[in-house]
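Protein chains: 4
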Amino acid sequence: MPATRDKWRTAIAYGDQHAVVLRGYDLQELVGQVSFAEAFLLLATGELPPPGHAKLLDAMMVSVLDHGIVPSSIVTRYLASAGSPIQAAVAGGVMAFGDTYGGACEQLGQQLAKHVVEMRAGRETEPQAAAAIVGHFVALGRKVPGYGHALHPEGDPRVPHLYRIADANGVTGDHSRLAFAVGAELLRAKGRKLPMNQDGAIGALGLDMNLDWRLLRALAFMPRSAGLAVHAVEEMTREAGWRHVPDEEITYDGPPRRPLGRG
Amino acid sequence: MPATRDKWRTAIAYGDQHAVVLRGYDLQELVGQVSFAEAFLLLATGELPPPGHAKLLDAMMVSVLDHGIVPSSIVTRYLASAGSPIQAAVAGGVMAFGDTYGGACEQLGQQLAKHVVEMRAGRETEPQAAAAIVGHFVALGRKVPGYGHALHPEGDPRVPHLYRIADANGVTGDHSRLAFAVGAELLRAKGRKLPMNQDGAIGALGLDMNLDWRLLRALAFMPRSAGLAVHAVEEMTREAGWRHVPDEEITYDGPPRRPLGRG
Amino acid sequence: MPATRDKWRTAIAYGDQHAVVLRGYDLQELVGQVSFAEAFLLLATGELPPPGHAKLLDAMMVSVLDHGIVPSSIVTRYLASAGSPIQAAVAGGVMAFGDTYGGACEQLGQQLAKHVVEMRAGRETEPQAAAAIVGHFVALGRKVPGYGHALHPEGDPRVPHLYRIADANGVTGDHSRLAFAVGAELLRAKGRKLPMNQDGAIGALGLDMNLDWRLLRALAFMPRSAGLAVHAVEEMTREAGWRHVPDEEITYDGPPRRPLGRG
Amino acid sequence: MPATRDKWRTAIAYGDQHAVVLRGYDLQELVGQVSFAEAFLLLATGELPPPGHAKLLDAMMVSVLDHGIVPSSIVTRYLASAGSPIQAAVAGGVMAFGDTYGGACEQLGQQLAKHVVEMRAGRETEPQAAAAIVGHFVALGRKVPGYGHALHPEGDPRVPHLYRIADANGVTGDHSRLAFAVGAELLRAKGRKLPMNQDGAIGALGLDMNLDWRLLRALAFMPRSAGLAVHAVEEMTREAGWRHVPDEEITYDGPPRRPLGRG
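Which chain is which? The protein sequence lines are R, W, H and E, in order.
When the count follows the working numbering, it moves up by one through the first sequence with no breaks and lands on 263 for the last residue.
When the count follows the working numbering, it moves up by one through the second sequence with no breaks and lands on 526 for the last residue.
When the count follows the working numbering, it moves up by one through the third sequence with no breaks and lands on 789 for the last residue.
When the count follows the working numbering, it moves up by one through the fourth sequence with no breaks and lands on 1052 for the last residue.
None of these hints come from the bench; they were simulated from the model.
Please note: incorrect hints may appear among the correct ones.
[Said to hold, decoys possible] Every beta carbon over 12 Å from chain H, so not counted as near; a handful from chain W, in silico: (1) 394; (2) 426; (3) 433; (4) 452; (5) 501.
[What the hints assert, rightly or not] Taking lysine-lysine pairs in the DSS-like style, the calculated list, with each CA pair at most 30 Å apart, reads: (6) W:377 x W:406; (7) W:406 x W:456; (8) E:982 x W:377; (9) W:406 x W:453; (10) W:406 x E:903; (11) R:143 x R:190; (12) H:669 x H:716; (13) H:640 x R:143; (14) W:377 x W:453; (15) R:7 x H:669; (16) W:456 x W:377; (17) R:7 x E:796; (18) R:193 x R:143; (19) H:669 x H:640; (20) E:903 x E:932; (21) E:979 x E:932; (22) H:669 x R:114; (23) E:796 x W:270; (24) H:716 x H:640; (25) W:270 x H:533; (26) H:640 x H:719; (27) R:190 x R:114; (28) E:903 x E:979; (29) R:143 x H:716; (30) H:719 x H:669; (31) W:406 x E:796.
Where a beta carbon is used, it is the ideal one built from N, C-alpha and C, also for glycine.
So here's chain R without its partners, still in its complex pose (with noise of 0.2 Å):
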């Protein structure tokens, strides 16, 4: 592709010796006067959301704040302990947000919000998009992501949850539906149940929010990033030294000692 760009274009915020302003608004009258929620889906969406939006965000922003000693906070600890500074080892754990570990939202996500295009167009109903999200997964040999739980085969707990809220904010709408009308599809198609888990619910009602579907990632990994920076805290002031992993828990299976044979 082409490198043509020299200047900085932006619609998301400018500063200059008066004011910095976002989304035409001056951030000093924000400040006080809007949620911190309200103020992420202006920037994100570039106009004020419905009151109940807000809400319903930070409620999702709680819910994945911190859980405790998983892969983006093992990188996080490694990386304070090494004495890297807590931007940086915050930085590492953010990382682990790969499409592996934290990407279902965002791959379900963006066949939602395509569906949901044609469906508003009329090219598509209900049913029919459903099915074809299921089948773009099996096409490519893959788990439909955000679906299915293996602690909780029955549905994840805090899918009703969420959306108790979303239902009392205003918030649920056609990406909701469409991502319900996928698990029964593929209730459907495989025979079990495979019901929507934190994953997907994050992704749809993040859409519902008017999210692009490319943001939906950073719904997981933006407050998470403050649950980094209290588990760097922690290495830094509660354990000594650089951790490591001891030698017996290291299997070492390549080639067996052998001389080099030069020199």
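Keeping the supplied structure of chain R fixed, place chains W, H and E upon it in accordance with the hints.
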């Protein structure tokens, strides 16, 4: 330092097949009942905060959500433009909160925390503590971090705004009082106004919310990670090709062309 | 996907109180006896390479050592300027080797590797394989990565130079021959010259040195990490303050100033 | 610090439509004529090095290529396992070269560089310089970085090996001599052997090759980035699912379960 640890130990959170537990509370119970700012303060300090603290923290998070095209967002946009995924692009931007660009609140905060301990133990008065802090940075040949603003010689207008919210919510405490005393000492010692700026206020107020000084830098980069994610998506969706600097903006002032004289 | 592993298993290297062992060889025996390029190929392929391979790899490493002010070095310099340490500044620059900016050798290499397997099994001829590769990218609506160069329509002069070294050292093999056949097929299918560029050559030659296609991108970012470190130090030592973009180079085209109308 | 710069200035390298030029030399002329180690020293110091320097640097790069399952490779493998791309996984591992785990050569090197300047100016003798360096770290309450080894109280065997190569290639110089004098001073001051370890040797020899002390840490993480890339690919190709720590290896010692008492 020795590398002695093999297992994981944390007082922050854990998850098992039944629940994720944060500082003793079931995460599901927190979702919808406590705000993200409350939950973060719970995670960071070990206890649910007094009610006003979360209101101030939420306002502080808005104040740093995004400042437009600045070093952190520039890094994120270059990485997004080069085709690295959003978690890597945001991680890169978070790393821009280094000692020069984003470290003032931590550098000041470390000193405030240390001297408030001395004051509370009756070993220092507030003026002694303020003079010690100014002296600490003067001895290092550095400006006192968190004071002065190139565009606002009479004072950063964001500071009184934050303190109106802090006062109204009962947060302002010993660290803030000492921080203002440092400003008075700077006026006395240097003979000119160097009032506290927003970085200083965020450091002092973070300590007044019982945060560890090592965590203060996260009060900037954690909310900003949300803004960085929005920049990444704007770059991905609005700009074609990969971002580069045109040749005419680059000056090479190394050795002139010369032959290798080998081969 | 399930998370089932608890212990570490590797065939690459291990260390104990007596030695570090790489693929069976005592690291101390390697130091001074084998070159870095040889040692890297040992590590990557499991065996010491034929003599010529390391000579070519060393030359390839020189070819990507540094290209001046480009996206990767820009990111590194912003991070160094912001006061993050050199390991974080270089890490940020490495992340600029994303799918758009540094991924061509990997994207082409994955296809070359797959089709050489088919050719060696007698299931495809070289022209069939070349046509399949062109067809693969055409079906995705993408240019074939590793071919064409905006500044050198008649051909990237670095390619014949690398192949002179590769031929002289006995490296050029099936993957390179298929890569040239892809160039011929492009000429046939598109009616214009789109000769292999340096990214394509690095991908094909990396495979001819028995590297896994997943490792090809590292042939660019690993040597470049040396160049990035030099950029970080030049930024730290030659430039004062923190690097920023002046306001006049930024265009804000979002909503115009508007009142919040709250409070 | 002020943010005053708008344009790019470098003495390292530039590229135009005709060539990439490194420190005055056409990169294409360098490819195949100078080794990677030579080219790196050219880039870092501004001039082609004496012949022996590149031989030693190449050997030093081998000595740090890979050490198996250690903090840096653990971080890389967690990130690769989580599905972030290889450039992000390696970047994370590079960040493990922090002040505690990978900074000894830089911390010692900064002092060696400073005091060799004093010695060359005739303001200090070697014993005075050595005593000053030991005193510097004692005053900070820290061990002298680059000396002592838990497993080799009589001396790290890698050090004499590196110095055999350094001596044979005419590299050993003032910085190395001062580094050995620091070891003698440690014996005198502490009454026990704390001989220079590999980190110390790499720092001293890097300075004897005319590298800036700020660049010394890169002598470890740059070659290691090659090893990290191999670990990333082994993780991607040999291990299924995403890597996690089993619950029984995690101890939670925070507050016991408690009710929220809201709602």
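Consistency of the hints with the structure:
no. : hint          : result
1   : 394           : holds, 27 Å
2   : 426           : holds, 17 Å
3   : 433           : holds, 20 Å
4   : 452           : holds, 24 Å
5   : 501           : violated, 10 Å
6   : W:377 x W:406 : holds, 19 Å
7   : W:406 x W:456 : holds, 13 Å
8   : E:982 x W:377 : violated, 37 Å
9   : W:406 x W:453 : holds, 11 Å
10  : W:406 x E:903 : holds, 24 Å
11  : R:143 x R:190 : holds, 11 Å
12  : H:669 x H:716 : holds, 11 Å
13  : H:640 x R:143 : holds, 24 Å
14  : W:377 x W:453 : holds, 23 Å
15  : R:7 x H:669   : holds, 26 Å
16  : W:456 x W:377 : holds, 25 Å
17  : R:7 x E:796   : holds, 12 Å
18  : R:193 x R:143 : holds, 13 Å
19  : H:669 x H:640 : holds, 19 Å
20  : E:903 x E:932 : holds, 19 Å
21  : E:979 x E:932 : holds, 11 Å
22  : H:669 x R:114 : holds, 24 Å
23  : E:796 x W:270 : violated, 49 Å
24  : H:716 x H:640 : holds, 23 Å
25  : W:270 x H:533 : holds, 12 Å
26  : H:640 x H:719 : holds, 25 Å
27  : R:190 x R:114 : holds, 23 Å
28  : E:903 x E:979 : holds, 23 Å
29  : R:143 x H:716 : violated, 38 Å
30  : H:719 x H:669 : holds, 13 Å
31  : W:406 x E:796 : holds, 26 Å
When the structure is compared with the earlier hints, violations turn up for hints 5, 8, 23 and 29 and for no others.
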